[in-house]
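Protein chains in written order, with our numbering: chain A, 376 to 643; chain B, 376 to 643; chain C, 376 to 643.
Because the hints were derived from the structure by calculation, they are not lab data. Careful: at least some of the hints might be erroneous.
As the list claims (entries may be wrong) - Derived Cβ-Cβ restraints for the label pairs, each shown as a range:
#	chain 1	residue 1	chain 2	residue 2	range
1	B	V534	C	L376	50 to 56 Å
2	C	G596	A	I540	29 to 35 Å
3	A	G440	B	P449	36 to 42 Å
4	C	G596	A	E532	22 to 28 Å
5	C	H499	A	I574	55 to 61 Å
6	C	N621	B	N557	25 to 31 Å
7	A	K543	C	Y567	26 to 32 Å
8	A	Q420	C	E480	32 to 38 Å
9	B	S494	A	K581	38 to 44 Å
10	A	I574	B	A624	48 to 54 Å
Said to hold, decoys possible - Anything over 10 Å on all C-beta distances counts as not near chain B; from chain A, calculated:
#	residue
11	T377
12	Q482
13	H499
14	E532
15	E551
16	N571
17	G575
18	L587
19	N608
20	E627
21	R633
Built from N, CA and C at the ideal position, the CB exists for glycine as well.
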Amino acid sequence: LTASKIVTLTTDFGLKDAYVSEMKGVILGICPTAIIVDITHDVRQFDIRNGAYMMAAAAPYFPNGTVHVGIVDPGVGTERHPLILETKRGFFIGPDNGLMIMAAEAQGIEAVCRVTSRSYMLSHVSGTFHGRDIFAPIAAHLLNGIGIEEFGPPQTEFVKPTFSIIEKTNDSLVGEILHVDNFGNIITNISYRDLNTPIGIFLQVKFPRRNLKLNLVKSYGEAKVKEPLALINSHNYLEIALNQGNAAANFEAKEGDRIVVSQSISTT
Amino acid sequence: LTASKIVTLTTDFGLKDAYVSEMKGVILGICPTAIIVDITHDVRQFDIRNGAYMMAAAAPYFPNGTVHVGIVDPGVGTERHPLILETKRGFFIGPDNGLMIMAAEAQGIEAVCRVTSRSYMLSHVSGTFHGRDIFAPIAAHLLNGIGIEEFGPPQTEFVKPTFSIIEKTNDSLVGEILHVDNFGNIITNISYRDLNTPIGIFLQVKFPRRNLKLNLVKSYGEAKVKEPLALINSHNYLEIALNQGNAAANFEAKEGDRIVVSQSISTT
Amino acid sequence: LTASKIVTLTTDFGLKDAYVSEMKGVILGICPTAIIVDITHDVRQFDIRNGAYMMAAAAPYFPNGTVHVGIVDPGVGTERHPLILETKRGFFIGPDNGLMIMAAEAQGIEAVCRVTSRSYMLSHVSGTFHGRDIFAPIAAHLLNGIGIEEFGPPQTEFVKPTFSIIEKTNDSLVGEILHVDNFGNIITNISYRDLNTPIGIFLQVKFPRRNLKLNLVKSYGEAKVKEPLALINSHNYLEIALNQGNAAANFEAKEGDRIVVSQSISTT
Chain A
376 LTASKIVTLT TDFGLKDAYV SEMKGVILGI CPTAIIVDIT HDVRQFDIRN GAYMMAAAAP
436 YFPNGTVHVG IVDPGVGTER HPLILETKRG FFIGPDNGLM IMAAEAQGIE AVCRVTSRSY
496 MLSHVSGTFH GRDIFAPIAA HLLNGIGIEE FGPPQTEFVK PTFSIIEKTN DSLVGEILHV
556 DNFGNIITNI SYRDLNTPIG IFLQVKFPRR NLKLNLVKSY GEAKVKEPLA LINSHNYLEI
616 ALNQGNAAAN FEAKEGDRIV VSQSISTT
Chain B
376 LTASKIVTLT TDFGLKDAYV SEMKGVILGI CPTAIIVDIT HDVRQFDIRN GAYMMAAAAP
436 YFPNGTVHVG IVDPGVGTER HPLILETKRG FFIGPDNGLM IMAAEAQGIE AVCRVTSRSY
496 MLSHVSGTFH GRDIFAPIAA HLLNGIGIEE FGPPQTEFVK PTFSIIEKTN DSLVGEILHV
556 DNFGNIITNI SYRDLNTPIG IFLQVKFPRR NLKLNLVKSY GEAKVKEPLA LINSHNYLEI
616 ALNQGNAAAN FEAKEGDRIV VSQSISTT
Chain C
376 LTASKIVTLT TDFGLKDAYV SEMKGVILGI CPTAIIVDIT HDVRQFDIRN GAYMMAAAAP
436 YFPNGTVHVG IVDPGVGTER HPLILETKRG FFIGPDNGLM IMAAEAQGIE AVCRVTSRSY
496 MLSHVSGTFH GRDIFAPIAA HLLNGIGIEE FGPPQTEFVK PTFSIIEKTN DSLVGEILHV
556 DNFGNIITNI SYRDLNTPIG IFLQVKFPRR NLKLNLVKSY GEAKVKEPLA LINSHNYLEI
616 ALNQGNAAAN FEAKEGDRIV VSQSISTT
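Using the sequences and the hints, build the whole thing.
So this is what it looks like as structure tokens:
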């Protein structure tokens, strides 16, 4: 796979400070033809799961060869390594803390590289801002066509976050709550592909404090007001919602909660 | 008119989520040379008038051929159609709900097309995110030089919002309050062109709960502190303000209020 | 020096309104190949020191020839002049109010021009929005390769803000507090180059209401929890911090405060 000129940025830096722009300056200094797109810089600070969801939501809509940089990095300054993941459709650059795994696995990971070569970082690496000093220059050199094998040795293991793991048994899927949006809609880490059932069937959904039977519908409007429903959201993940209500509050569910989903046999 | 490579985005999606970036990914996938400029993504949610003002304020400052995409869409998922408006200076793409009309009419509407061809949308159109699945790809195909007649049939009627309409009588203009800014300045939908009077004259301005005689000045500083004034703002609309005070609070005026403006005869 | 195609924007306009986008439209209309990068638009309103710090922080990371536009302009509409500063590494455009001086001086100022030629401004200059009507077009013409001598006469004097001045005596540096960040870390206007001492030594730091002896370390983690420390931050300025604590609150220090720094003789 050859990198395109498109690079995306996902961070928890916010836009009030100059940090994000410094990364862009570094990228343009190394690759003047780079096309830089912000995914979001308002990831909840240090919240890897929240950042992972943003990357997994957005990456499918970018063209082949896009380089995705993700920086939500509670461990900056410690010994975790910078990684490059090459997938069937693009590249992911970030700390080895699980942030990029969901997005990368959805595209099919082809190779993993631990970046060790100092020649692809800024000459002075600060202790506190690896986004600018390490990850931005790596991205720009990838955009310039440097192969991932030039950056360092292959790595076979990497941090795999719990929220990227789905357990499949004969009759159920075990996942977790990835995100609760502003409306209280519950977004799970179970994708359309994992679920593999037709619209219209009934699902049995078990939260820690609730057990529900829900119709898998196409849009909120198909349920009565305040009635619970399941749907595949616009990012292709299973979502549990109340039509015009707050599902998370109602079902006492929060991010990180385990959920068990199975097809409902009875239809009563 | 030929589309340039510049496309602007005006939405109420905010920048906390990945939505806006997904639109950009789709656009760059179809038109890799697109130059994407954000107008704002902080339109008040579902507030078509607020979005319309943002588009009308910004569009005049973009070069000929710019493609403007506006998405403030309380009716997403219902039967309202996607429209393309071609003007003397550019293109406007968005839902048929009035959002684009002020901005487009100021440029002179030349042709209107109802988009029906599925070939210019994403292959899978979600029920909830037409910005990404319908409007972004249409914009990118326009940037690629596809003529508007390729997207669907001409349409003669479209939703025309009240805030785009000025009634003119012999001696007065009837309009409405388009926007109250953070300082309480009252921006009307009456443009410099509509008003057509020289700086320095006195205007009679009638709000629902107040009737004022105001000097049409060039800048806030020409009135005494806390004194009311009228001026043509930097977006070429008539604005009623208090120098260093809050006009909207003082005159009990709010967005959507009807206003009647006439030239004042007496100067006492 | 020749301008590159990169232009950065630093303003206090926020992103809720269309203002920033209007500047971008104007720039692209004059220089269609411009690459526009936002530093930040969330400078505290009318706070020149805050804006100056953002520009000084970001500018070093942009390539040679970058054009930096800064607009934090309490005096818009008054007689202060638009300036262009040419440095060894780039260009700075903004009002003559001190905003750009720190960033420009760090690069070495080569020439200063007072912009008087109306041919490089929009044909209609509003009283309230010089960012769009004056500074954006100047920037775009610079990107197009117009030499700074074309814009107006050289100017030898300009407003030099106190926060850009360091007094050096035989054994001490007198500066001021430039910025207090969200964590209460105290960033001074004393740069790494001014300080010119090795990591590991002890510094005597005098705030108006406190006198401290601090170890100059490499990262927060080298001090005990709640213990004060000095370090060179990621923007190369001297920073006084408490490891996991709020230094500004603890030392009753605020932006603008005078500080005196000297090397500590005793090490007790």
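We went through each hint and held it up to the structure:
Between V534 of chain B and L376 of chain C the CB atoms are about 53 Å apart, so this pair conforms to the stated range of 50 to 56 Å. Separated by about 32 Å at the C-beta atoms, G596 of chain C and I540 of chain A satisfy the suggested range of 29 to 35 Å. Between G440 of chain A and P449 of chain B the CB atoms are about 37 Å apart, so this pair conforms to the stated range of 36 to 42 Å. Separated by about 26 Å at the C-beta atoms, G596 of chain C and E532 of chain A satisfy the suggested range of 22 to 28 Å.
For the pair H499 of chain C and I574 of chain A, the beta carbons lie near 56 Å from each other, so the given range of 55 to 61 Å is met. Evaluation of the 25 to 31 Å hint for N621 of chain C and N557 of chain B yields a pass: the beta carbon distance comes to about 30 Å. Take K543 of chain A and Y567 of chain C: their Cβ atoms lie about 55 Å apart, and the range 26 to 32 Å is violated. For Q420 of chain A paired with E480 of chain C, a C-beta distance near 33 Å keeps the hint of 32 to 38 Å intact.
Separated by about 43 Å at the C-beta atoms, S494 of chain B and K581 of chain A satisfy the suggested range of 38 to 44 Å. The hinted range of 48 to 54 Å is satisfied by I574 of chain A and A624 of chain B, whose Cβ atoms lie roughly 51 Å apart. The non-interface label for T377 of chain A is consistent with chain B: the shortest C-beta to C-beta separation is roughly 14 Å, beyond 10 Å. At the 10 Å boundary, the C-beta of Q482 of chain A stays outside the reach of chain B, the nearest C-beta of that chain being 13 Å off.
No Cβ of chain B comes within 10 Å of the Cβ of H499 of chain A; the nearest lies about 31 Å off, and the non-interface call holds. For E532 of chain A, the requirement that its beta carbon stay farther than 10 Å from each beta carbon of chain B is met, with the minimum near 28 Å. Remark: the non-interface label on E551 of chain A is consistent with the geometry, its nearest Cβ contact in chain B lying 20 Å away (cut-off 10 Å). Every Cβ of chain B is farther than 10 Å from the Cβ of N571 of chain A; the closest lies at roughly 16 Å, confirming the non-interface assignment.
The beta carbon of G575 of chain A is kept farther than 10 Å from every beta carbon of chain B, the shortest such distance being approximately 15 Å. Against the 10 Å criterion, L587 of chain A stays outside the reach of chain B, whose nearest CB is about 22 Å from its own CB. Interface exclusion of N608 of chain A from chain B breaks down, the closest Cβ pair being 7 Å apart, not more than 10 Å. The beta carbon of E627 of chain A sits about 24 Å from the closest Cβ of chain B, which is more than 10 Å, so the claim that it is off the interface holds.
Remark: the non-interface label on R633 of chain A is consistent with the geometry, its nearest Cβ contact in chain B lying 25 Å away (cut-off 10 Å).
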